[in-house]
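Please model the entire structure based on the sequences and the hints provided.
The lines below spell out each chain.
Protein chains: 2
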Amino acid sequence: MSTEPLAAVTVTAVTRTIYPQPFAQVVAGRSKRRLGDHFGLGNFGVNLTELAPGAASALLHHHTRQDEFIYVVAGTPTLMLDDREYLLQPGDCCGFKAGNGIGHQLINKSAAPASYLEIGDRSAGDLPFYPNDDLHVELNADGNYAIAHKDGRPY
Amino acid sequence: MSTEPLAAVTVTAVTRTIYPQPFAQVVAGRSKRRLGDHFGLGNFGVNLTELAPGAASALLHHHTRQDEFIYVVAGTPTLMLDDREYLLQPGDCCGFKAGNGIGHQLINKSAAPASYLEIGDRSAGDLPFYPNDDLHVELNADGNYAIAHKDGRPY
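So the protein lines, in turn, are chains A and B. Mapping the first sequence onto the working numbering, position 57 (from 1) lands on 57, and the numbers just tick up by one. Mapping the second sequence onto the working numbering, position 106 (from 1) lands on 106, and the numbers just tick up by one.
Because the hints were derived from the structure by calculation, they are not lab data.
Here are some chain B residues pointing at chain A (derived, C-beta under 8 Å):
id	residue
1	F44
2	L88
3	C94
Derived lysine to aspartate or glutamate pairs resembling DMTMM-like cross-links, with alpha carbons at most 25 Å apart:
id	chain 1	residue 1	chain 2	residue 2
4	A	K150	A	E138
5	A	K109	B	E4
6	A	K150	A	D83
7	A	K150	A	D126
8	B	K109	A	E4
9	B	K150	B	D82
Model, not experiment: these values are computed from the prediction. Using N, Cα and C, we set each Cβ at its ideal position, and we do this for glycine too.
Structure representation (structure tokens):
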């Protein structure tokens, strides 16, 4: 873990996802630089996330306990709030308050890469909810995710 | 509280400080747009903070429980980590892990405004510590700050 400042784009980008297929395909082309982890932060995460043309940040989802916030650094990603669309530009931001039940997702519908900072806290007992997709995700006590259909069958 | 995205610079900027004189003078020229509060976020704060030439973010300080993170949006603020200086530029970032005892402060030593995003969680029981200044700050149960000299005398 580091304590010295650096250019955010020099932090290693990772592309892994916990989503099973076919959902993993939605976030193909998404990469995250885990800036908060780089500095050993424990209470919240900060990622510099890039979406290639066509890529999405996640499935449309909302959280029970985790607040989230995004700030656009480059490009023109589209923000979905349930079925409403907002075309964003650099300097735009949005917050997603835990428990408000509004689904959110960023999709890069443009022909150029888009990048943004995303912040989320690490409140215990948080559950994400995916209103449009047959996916149930839970964080087990061992720190691993349990990934299942909504009827409980594992993927 | 809002749920719709907007340009961060359109959020109202505030300049108030909890510091008594002479410390309030250090942050004269600092203004904060409370982006997280605009969206009703409770678990962490996100501010777009601007420093006029000569202004500082805060006194040099560190926290017992609150993680902090900054990302430079414009200008060239100088980051102090104890007595070390780092000249930052847009796209640079740094994280300040709770409890590591490293004092941090941003000072705009340039002739142009500098702005950055700052994120801090709201962990209960946090205490800031000011290694270079005779200031003790504590958050009371009523949500107000108690501001005192280090020997307990109030300002």
